[in-house]
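Peer 1: Sequence:
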Amino acid sequence: MKSIFIYCFLAFLAFSCKSTYNCINKVTFEREKDGPSPDLITLETFLSEEYVKKIPTNKFLNLNFYIDKNNSFSTHDWLIKKEDSNYVFYIRTTFFNRKKGFKEIDFYDLIDSSKSLKVEIVDRNDKFIFMKCD
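For the sequence shown, position 103 matches number 103 in the working numbering, and the numbering has no gaps at all.
Treat the hints with care, as some may be off.
Subject to a maximum C-alpha distance of 35 Å in a straight line, what follows is the list of computed DSBU-like cross-link-like pairs (lysine-lysine) [claimed, not checked]: (1) Lys26 - Lys82; (2) Lys69 - Lys33; (3) Lys53 - Lys118; (4) Lys99 - Lys115; (5) Lys53 - Lys132; (6) Lys127 - Lys82; (7) Lys53 - Lys26; (8) Lys118 - Lys26; (9) Lys26 - Lys59; (10) Lys127 - Lys26; (11) Lys82 - Lys118; (12) Lys115 - Lys82; (13) Lys132 - Lys26; (14) Lys33 - Lys127; (15) Lys81 - Lys99; (16) Lys59 - Lys33; (17) Lys100 - Lys54; (18) Lys82 - Lys69; (19) Lys118 - Lys59; (20) Lys82 - Lys132; (21) Lys103 - Lys127; (22) Lys115 - Lys100; (23) Lys69 - Lys54; (24) Lys81 - Lys69; (25) Lys69 - Lys100; (26) Lys82 - Lys103; (27) Lys53 - Lys100; (28) Lys33 - Lys132; (29) Lys53 - Lys81; (30) Lys127 - Lys100; (31) Lys103 - Lys115; (32) Lys59 - Lys132; (33) Lys100 - Lys59; (34) Lys115 - Lys53; (35) Lys26 - Lys100; (36) Lys103 - Lys69; (37) Lys33 - Lys99; (38) Lys127 - Lys69.
Read the hints as simulated data drawn from the structure, not as lab findings.
From a predicted model like this one, the values you see are computed outputs, not experimental measurements.
Construct all of the structure, not just a fragment, from the sequences and the given hints.
Peer 2: Take a look at the structure:
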């Protein structure tokens, strides 16, 4: 009886835990210059084996960055690199630099308050989706 309870408890834990694969663990923002130049956004994630095999690394792919319904952009100026056990996206955009008086703290406030942060990599009919980790 005791072992049945333990197995049930372990099964419950396994099904209730969310995967850390393909979710965004860390987001950093760096303003490179004060002028109208691109800002650098860095995202860290663990990729599932499926994504590692399927995301083309030698193609020019579109990246869609959705913070909320009022703040989103698309870019081709991005790069993905494997560092240690995780993957890092380097995204360059002028989207935030074009907003008057927008500071780094404003970016972090937007990210922290976002309930729908999502990044998509689009390769014709394939979409690779990354959500903000809970």
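Peer 1: Determine for every hint whether it applies to the structure shown.
Peer 2: Each hint tested on the structure:
1. Lys26 - Lys82: Holds: Lys26 and Lys82 sit about 15 Å apart, inside 35 Å.
2. Lys69 - Lys33: holds, 27 Å
3. Lys53 - Lys118: Since the Cα atoms of Lys53 and Lys118 sit roughly 21 Å apart, the hinted pair holds (cutoff 35 Å).
4. Lys99 - Lys115: The given pair, whose Cα atoms are some 22 Å apart, holds under the 35 Å limit.
5. Lys53 - Lys132: holds, 22 Å
6. Lys127 - Lys82: Judged against 35 Å, a Cα distance of about 20 Å means the pair holds.
7. Lys53 - Lys26: holds, 23 Å
8. Lys118 - Lys26: holds, 13 Å
9. Lys26 - Lys59: holds, 25 Å
10. Lys127 - Lys26: holds, 21 Å
11. Lys82 - Lys118: holds, 20 Å
12. Lys115 - Lys82: holds, 27 Å
13. Lys132 - Lys26: Holds: Lys132 and Lys26 sit about 9 Å apart, inside 35 Å.
14. Lys33 - Lys127: holds, 32 Å
15. Lys81 - Lys99: Since the Cα atoms of Lys81 and Lys99 sit roughly 29 Å apart, the hinted pair holds (cutoff 35 Å).
16. Lys59 - Lys33: holds, 28 Å
17. Lys100 - Lys54: Distance ~39 Å between Lys100 and Lys54 Cα, so the pair is violated.
18. Lys82 - Lys69: holds, 30 Å
19. Lys118 - Lys59: Given pair Lys118, Lys59 holds - Cα atoms ~21 Å apart, limit 35 Å.
20. Lys82 - Lys132: holds, 19 Å
21. Lys103 - Lys127: Given pair Lys103, Lys127 holds - Cα atoms ~31 Å apart, limit 35 Å.
22. Lys115 - Lys100: At roughly 24 Å apart (the allowed maximum being 35 Å), Lys100 and Lys115 satisfy the hint.
23. Lys69 - Lys54: holds, 28 Å
24. Lys81 - Lys69: Holds, because 29 Å separates the two Cα atoms, which is no more than 35 Å.
25. Lys69 - Lys100: Cα-Cα ~19 Å, so holds.
26. Lys82 - Lys103: holds, 29 Å
27. Lys53 - Lys100: violated, 41 Å
28. Lys33 - Lys132: holds, 27 Å
29. Lys53 - Lys81: The given pair, whose Cα atoms are some 14 Å apart, holds under the 35 Å limit.
30. Lys127 - Lys100: Holds, at about 32 Å.
31. Lys103 - Lys115: holds, 21 Å
32. Lys59 - Lys132: holds, 25 Å
33. Lys100 - Lys59: holds, 34 Å
34. Lys115 - Lys53: holds, 29 Å
35. Lys26 - Lys100: Judged against 35 Å, a Cα distance of about 26 Å means the pair holds.
36. Lys103 - Lys69: With a Cα-Cα distance of about 20 Å, the restraint between Lys103 and Lys69 holds, given a limit of 35 Å.
37. Lys33 - Lys99: Holds, because 14 Å separates the two Cα atoms, which is no more than 35 Å.
38. Lys127 - Lys69: holds, 19 Å
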